[in-house]
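Chemist: Sequence:
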Amino acid sequence: MYPRLLLRRAGFPFELLYAVADGPAAGAAEVYRDRVRALEAVRGALLQEIPKAVVTAAAAGDRDRLRALSRCRRRVARRLPAAPADLDEPLPAAPADLGERLPVASADLGERLPGAPVDLGETASGDGTAALLARYAAAVRALERARCSLDAVLAEEAGTRAERVAGVLRDERVLDALLQLAPSFHREAERRLRVRARDDAKGRAFLRRAYLYVQRLAAKNETTGFFGPLVHGEVDPSAAGIALGPETPGGVLRAEAFVAFWAVCRLAERMAADPEVAARLPVTWVPACRREPVAGGDRGAITLPGGRRVALTHEQWRVVALIDGSREAGRLATESGVAPGEVDALVTRLRRAGAVRLAPEPPSAMPRPLDWLIARAERYAGGTHWPKSLRGLREAAARYCAAPDHRARAAALAELERVFSGLAGAQPRREGGKMYADRLVAFIDAEGDQSPVRVGGDVARRWEAALGPVLDAAAHYGELRRRAAAGLCAAVMRAAGAERMPYDELIRRLRGMIGGEEELPPWPGHGARPPAAGHGEPARRFAAALAELAERRRIGVESVLDPAELAALHPPAAGPCFAAPDLLLEARPGRDPRLVLGEMHPYVFAWGSQGLFSPDPEGLLAAFEEDLSPWGGRERLVTVIRRRRHKGLVAEWFPGRFVEITATATADGRRTVPITDLTVTLRDGEPVLSDAAGPVVLYAGEDQRPHLAAFAPPAAALPLIRTPGAALAPRVVVGDVVVQRARWWITPSDLGLPRYVSPRENAGRGGDAFAAAQRLRVTREVPRFVFAHVPGEPKPVGIDLDNPLAVEALVALVAGALVPVALSEMRPGPEGLWLRHGGRPTTSEFRLALRRVPA
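If you're matching positions, the sequence shown starts at 1 in the UniProt record's numbering and goes up one per residue.
One thing to keep in mind: the hints can contain errors.
Okay, the calculated beta carbon distance ranges per label pair [claimed, not checked]:
| id | residue 1 | residue 2 | range |
| --- | --- | --- | --- |
| 1 | 686 | 79 | 57 to 63 Å |
| 2 | 328 | 184 | 29 to 35 Å |
| 3 | 328 | 820 | 55 to 61 Å |
| 4 | 1 | 193 | 17 to 23 Å |
| 5 | 645 | 194 | 32 to 38 Å |
| 6 | 537 | 414 | 56 to 62 Å |
| 7 | 1 | 414 | 42 to 48 Å |
| 8 | 151 | 194 | 30 to 36 Å |
| 9 | 151 | 201 | 18 to 24 Å |
| 10 | 635 | 193 | 58 to 64 Å |
| 11 | 587 | 190 | 36 to 42 Å |
The calculated DSSO-like cross-link candidates involving lysine-lysine, where the alpha carbons are at most 30 Å apart (straight line), are [as the list claims (entries may be wrong)]:
| id | residue 1 | residue 2 |
| --- | --- | --- |
| 12 | 388 | 647 |
| 13 | 202 | 647 |
| 14 | 795 | 647 |
Because the hints were derived from the structure by calculation, they are not lab data.
Owing to the predicted nature of the structure, the values given are computational and were not obtained by experimental measurement.
Positions of the beta carbon are idealized from the N, C-alpha and C atoms, including for glycine.
All chains should be modelled from the sequences, with the hints used to inform the complete structure.
Modeler: Structural data, given as structure tokens:
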């Protein structure tokens, strides 16, 4: 393990989700599940017994009985009422009413009932079908009564729901968090708190949306403000256990407002359009465009990002050769000797073609882009209002951050947005109202209390020992996928007859192979085959071997593997490797916490925005720069920079160099490499990426982009393991590590709904869906708390299946999805949450970083 780590936690205790739940509904749901469990046990036994009765009736030539048995089997298979009368037999002396919990022979719920059922009420003749049918009929009646009771409780729950939600929304801190997440919903929540709740479509939609925000606050690590602070930690080899720093009343030690990157870009464009400023700004070349001299160097050509090559005249080339980000159009004309009018016309054409920029481009690796723009304004827009106006915007953002409560913050936000709109001439929010995209002009990040976290050497060693076999297997699978990407790149070059190719040309050819899209179809172990079949075969074989092993070890929804079994699937580890897994701790009474593996990242958290607020920033960076062997050392380490969308994965303190395509990475041009300066060479059949100084290694690849994955270290990952023929991915445990949390795929029909219809069409089906959700929990062993992975939503949604409001939110999500929705178990569950903040259980995860070193 690297000696520094990060603790991410939710800003509200998990109990917040219980506050919007309903106790009587949960109790009625438990009774209903008991009745479902009883029915499923008898039904499973009956479906085993009927074939035996069919054999007996067939031997006796009793066709009437055969028809009756066939009718019963159809009805029982569909869970429809059936009774001994369906066999034209009198009711035996079996209990007529099974209103209490039915004793069952197996907890397997009828799916793998062992051997002969115990005490199934066989008659003296040995034919137990009628007795089982009596039990089945009684179980059906008991389930119907439980459903009636459930519907009555749900009707009462619907009447109290609005007040329960309002009780949560009245919390001042909840309102403050909502304001920072989505001001549009904050405003709607305040309005509805002032008026009487209405039970109409809009009112129900508001309550569902309120639930979705509550689950974000209670079950997610937002990394935003006081309700998602950054808590840094370190490994102390001389200490034991895990020690947390002191808590503060507000949960944070310090906070800062950051003006969003998109907002700074809009301000830069507006400033560049100001006639007083436009002529002063330098013309900047876009790195994705190639410049090549021809005919002895006095003429040239450019290759545009799309691959189109454009020849330039002698005069045009003189201008283009001078564009370096330091000269404005007037200086270009003076130094090139070309008439100003011709220079202006050429620059306009180049801008339209995407070859140059006239507006300042904030560096995507800068955490505070507004500071950079203020410096540019002072340099190029002195004497105008821009420097002072931009400083005023920064001050308004600081007031927004410092506001003591949500009312003061709402007023500060209104002022901030007014200032921004006046300067930028644009709306102050992007995609307002969407669940995860109500982007504001500024966001707040904070350093959390309980910092610094100190992880003792004994704990670190246990984590290393437990995670080692898993990460070795993940690194092997990552290497197989890297080889698949490299093989695909080599095949493209060989098909072109080239031993050497510009990197941007290779990217264009790869896109052409896959229909003009940049992303490949799913990689090995995740779905369809990639193009040029065969490169991914080793990865597919490893994924298949792992899935086969997991299926052999599966009992119910869990597969338990020995670390040695996993190690036997791949050769011994070789070479350095890096992995940054999310690690969750599942508390266990009297024992060390069980480890639950979350996502595995190829990124060093210290090199991005999550490195902010470290109490020892120099020590943090030194810890990660001490060993850069996974990337071949500092001299070879480069990263491709795309234009930033929100918070940056890579910041300017990244130790390597930046490959620029269209975005500007940093103000220090000595640390940048235009993508047009990179080439790919085949060496012994293996593609190697190089710049003018020699081979380079990309910081991180991406599964769906072979032109990145081929030239980066293997990204540690494990394939998704699914049960053949079932909509289930089992829980996979290796040693003391939960490597894969159980996952189920559901469709609208699993919730008792028509397939793929709008939420409006599903209005009034809440009872059916809630009952169906309880059946799912019994028949497919789905726990109470799950996360729904909905296509189109960037983050999973926490669902409490005991909460009718949560199930209605799930219905709205599932009903509009065109593919099955995955439900993954919450692991650790509420009872296993390790972290306490303010004395209450809180969801959390550690972001670790580990490297594999020679033994």
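Chemist: Check the structure against each numbered hint from earlier and tell me which ones fail, lowest number first.
Modeler: 2, 4 and 13
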